[in-house]
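**Student:** Okay, here's what each chain looks like letter by letter:
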Amino acid sequence: MAGVGLTAFGASPERTGRDLFAEAGCDALADAAIERDHVEALLYGNFMGELAEHQGHQGPLMAEAVGVNAPATRFEAACASSGVAVREGVKRVRNGEADVLLVGGAERMTNLGTAGATEALAIAADDLWEVRAGMTFPGAYALMAQAYFAEYGGSREDLAAIAVKNHDNALNNEKAQYQRAIDVDTVLDAPMVSEPLGLYDSCPISDGAAAVVLVSDEFAAEHDLDASVAITGTGQGGDLMALHDREYLARSPAADEAAEEAYADADVDPSDVDVAEVHDCFTIAEVLALESLGLVDVGEGISAAADGITTKGGSIPVNLSGGLKAKGHPVGATGASQICELAMLLRGDHPNSDVVADADVGLAHNAGGTVASAVVHVLEVME
Amino acid sequence: MAGDDEEVVDAGYDEWLAAVRDDEGYYLECENGHGSLPPRRVCPHCGSLALEETTLPESGEVETFTITHVATPNFSDDTPYAVSIARFGNVRVTGQMRGVAVEDVAVGATVEIDVSETETTGDDVVVFRPR
Numbered sequence: 001m002a003g004v005g006l007t008a009f010g011a012s013p014e015r016t017g018r019d020l021f022a023e024a025g026c027d028a029l030a031d032a033a034i035e036r037d038h039v040e041a042l043l044y045g046n047f048m049g050e051l052a053e054h055q056g057h058q059g060p061l062m063a064e065a066v067g068v069n070a071p072a073t074r075f076e077a078a079c080a081s082s083g084v085a086v087r088e089g090v091k092r093v094r095n096g097e098a099d100v101l102l103v104g105g106a107e108r109m110t111n112l113g114t115a116g117a118t119e120a121l122a123i124a125a126d127d128l129w130e131v132r133a134g135m136t137f138p139g140a141y142a143l144m145a146q147a148y149f150a151e152y153g154g155s156r157e158d159l160a161a162i163a164v165k166n167h168d169n170a171l172n173n174e175k176a177q178y179q180r181a182i183d184v185d186t187v188l189d190a191p192m193v194s195e196p197l198g199l200y201d202s203c204p205i206s207d208g209a210a211a212v213v214l215v216s217d218e219f220a221a222e223h224d225l226d227a228s229v230a231i232t233g234t235g236q237g238g239d240l241m242a243l244h245d246r247e248y249l250a251r252s253p254a255a256d257e258a259a260e261e262a263y264a265d266a267d268v269d270p271s272d273v274d275v276a277e278v279h280d281c282f283t284i285a286e287v288l289a290l291e292s293l294g295l296v297d298v299g300e301g302i303s304a305a306a307d308g309i310t311t312k313g314g315s316i317p318v319n320l321s322g323g324l325k326a327k328g329h330p331v332g333a334t335g336a337s338q339i340c341e342l343a344m345l346l347r348g349d350h351p352n353s354d355v356v357a358d359a360d361v362g363l364a365h366n367a368g369g370t371v372a373s374a375v376v377h378v379l380e381v382m383e
Numbered sequence: 384m385a386g387d388d389e390e391v392v393d394a395g396y397d398e399w400l401a402a403v404r405d406d407e408g409y410y411l412e413c414e415n416g417h418g419s420l421p422p423r424r425v426c427p428h429c430g431s432l433a434l435e436e437t438t439l440p441e442s443g444e445v446e447t448f449t450i451t452h453v454a455t456p457n458f459s460d461d462t463p464y465a466v467s468i469a470r471f472g473n474v475r476v477t478g479q480m481r482g483v484a485v486e487d488v489a490v491g492a493t494v495e496i497d498v499s500e501t502e503t504t505g506d507d508v509v510v511f512r513p514r
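One line per chain: the protein sequences are G and W, in this order. Taking my numbering, I'd label the letters of the first sequence as residues 1 to 383. Taking my numbering, I'd label the letters of the second sequence as residues 384 to 514.
Bear in mind the hints are in silico, worked out from the structure with no lab data behind them. Among these hints, one or two may not hold up.
[Claimed, not checked] Covered by chain G, per the in silico footprint, the following chain W stretches (three or more residues, Cβ under 8 Å):
#1 447-461
#2 473-487
#3 502-513
[What the hints assert, rightly or not] Label pairs and their computed distance ranges (CB to CB):
#4 W:P422 with G:Q179: 25 to 35 Å
#5 W:T503 with G:G348: 48 to 58 Å
#6 G:P191 with W:D406: 33 to 43 Å
#7 W:A401 with G:N172: 27 to 37 Å
Bear in mind that the values here come from a model prediction, so they are computed numbers and not experimental data. Every residue gets a Cβ at the ideal spot worked out from N, C-alpha and C, and that includes glycine.
Construct the complete structure from the given sequences, taking the supplied hints into account.
**Tutor:** Laid out in structure tokens, this is it:
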């Protein structure tokens, strides 16, 4: 990884998607110190561009916005859209198809308003069998949370500890949508969205973009680039679309598969992981992620934040960026933004780098829908 | 969106709704006993191509539920409403609870399935009632 770029996440309803991605893409190219002419392709993630901006065919539009004259393709996997774009980029560089790629994603959402964004997010679910029954995206995770409570126990207080942790992590992250401390009572007293999930169990609706410059080892050496952090493992898993068709309502096996593949690819195991960014679109989602990634045992994820395992001082700090919960979740940008945040944490120029000063291995977990898509990447500090 | 335009037909799904409304609900079953909902050509659990319409059990059990307060525009007048996943023998279905106060919905409750209309748009919606 030669460079990363991120916009601030938040509510900027007036900004177009092309402007958001132009900022992130230009910043990533500047960070990499690479000429635009070297970029051989853009791999771009976006989920709801048709609904939010009446804009399809976003690949070439975004390449143009960044000033890159190269083939461009859009990837869509709901909230894992740019995660799959990054994965495709890693594979292309590895198999020798490309030496320099710009990968990333963007999403404009807040211009839709809360009801409009809720409707747009819902299309990640099965339209016939879930959306027409009134299942929203928060509702889907609420069904998983209720099933988790019934299967393994746990409470709203346990979930609240996750939101409190992620808000705390975002306090000094100037890219984060919320730089504001909250306590457990703030979470418990907030209005309900879809019980048992309340407003503070839910990530905000966000605008934003993220981009990463991927280069081959040969290109980095030839051009004397600083690429001190590399993506050493990639994995992707899939599952049945509708929650009701899955064997387990309170687990995310697609992420188990993605993690297993990524760990094997990088030749590391969960005990090697020093820091992780996981897809906490809702507090319960962080629980499912930790268990799928093997960072805690199944049934133990619910208490990891409350017990201090995943906090700043814990054995495996999770979502030091603030996560989707506090940093924000412009869905098509999220997977790439996790990679950006981890790269900065590992190379030492993230506001929270001091927390993980000796970290060598980072893990990124990006999920689409109710985890019918999951992408996991392993990042490592290179010698 | 279904219902906005009378011309829009979702073959397989629409017939299933009509059958459930007439108390003749069914699901698709493969030779390995896996259940699924139409339209399908392949069993999502084992890949079997031999799917047969099988009578849906009259009685189901609520496995999980949520009370939704923030809805999409199509359900804005329906809030608060309870969405549940209920198991009917070999197949699970997602639907809305009716005939019970949302605060009284519970995991493990026994329900029957029907088709009703939403308050907001009048569109068809799968519902579960206490049995």
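**Student:** Work down the list of hints and note, for each, if the structure agrees.
**Tutor:** Verification of the hints:
1. 447-461: holds (count 14)
2. 473-487: holds (count 5)
3. 502-513: holds (count 4)
4. W:P422 with G:Q179: 25 to 35 Å: 48 Å, violated
5. W:T503 with G:G348: 48 to 58 Å: Holds, since T503 (chain W) and G348 (chain G) (Cβ atoms, about 52 Å apart) stay within the stated range.
6. G:P191 with W:D406: 33 to 43 Å: 39 Å, holds
7. W:A401 with G:N172: 27 to 37 Å: 58 Å, violated
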